[in-house]
Structures are given as structure tokens and as C-alpha cells.
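With the first letter of the sequence shown counted as 1, position 4 gets the number 1284 in our numbering; the numbers rise by one all the way through.
Just so you know, these hints were derived from the structure itself, not from any lab.
Label pairs and their in silico Cβ distance ranges: (1) D1309 / S1338: 36 to 46 Å; (2) S1338 / E1301: 33 to 43 Å; (3) H1289 / R1331: 23 to 33 Å; (4) E1310 / D1340: 40 to 50 Å; (5) A1339 / R1314: 32 to 42 Å.
All C-beta atoms, glycine included, are put in the ideal place defined by N, C-alpha and C.
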Amino acid sequence: MEPDENVNHVRGNLLAMVLAEDLDPLSVDELTKRIAALEREIERCRARIERANSHRASADALFRS
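Please construct the entire structure, taking both the sequences and the accompanying hints into account.
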């Protein structure tokens, strides 16, 4: 297995672990902090998507000329 494949495999496992984590033992404060952290991560992902889309649009415009 290539090193990059290992990284992607670990990432997928980490996400699966977070999604499967039992939330029952967490306090309201811990759940609130978790939600805030996840909302920040969502915004970070959205910003990355926007940069990728912008980059793609710029490249498309350049090569259409």
C-alpha cells in the first residue's frame, strides 16, 4: 500500500469513529463544544470547496481563451 493510501484510510476511519461515537456520556457543555467545533470544521470545508471551485473556474477561463 502506498503511503498516501494509508493517510486516506486513516482519515476515513477517524471520520467513521467520530460519527459512531456514543454521545450519551457527554455533558451538555461537551456537546455544545463539539457542535461548535464541527460547525467550524464545516466552514473550513466550505471555504476549501470555494477555493477549489474558484481555482477551477480560473483554469477553465484560461484554457478556453
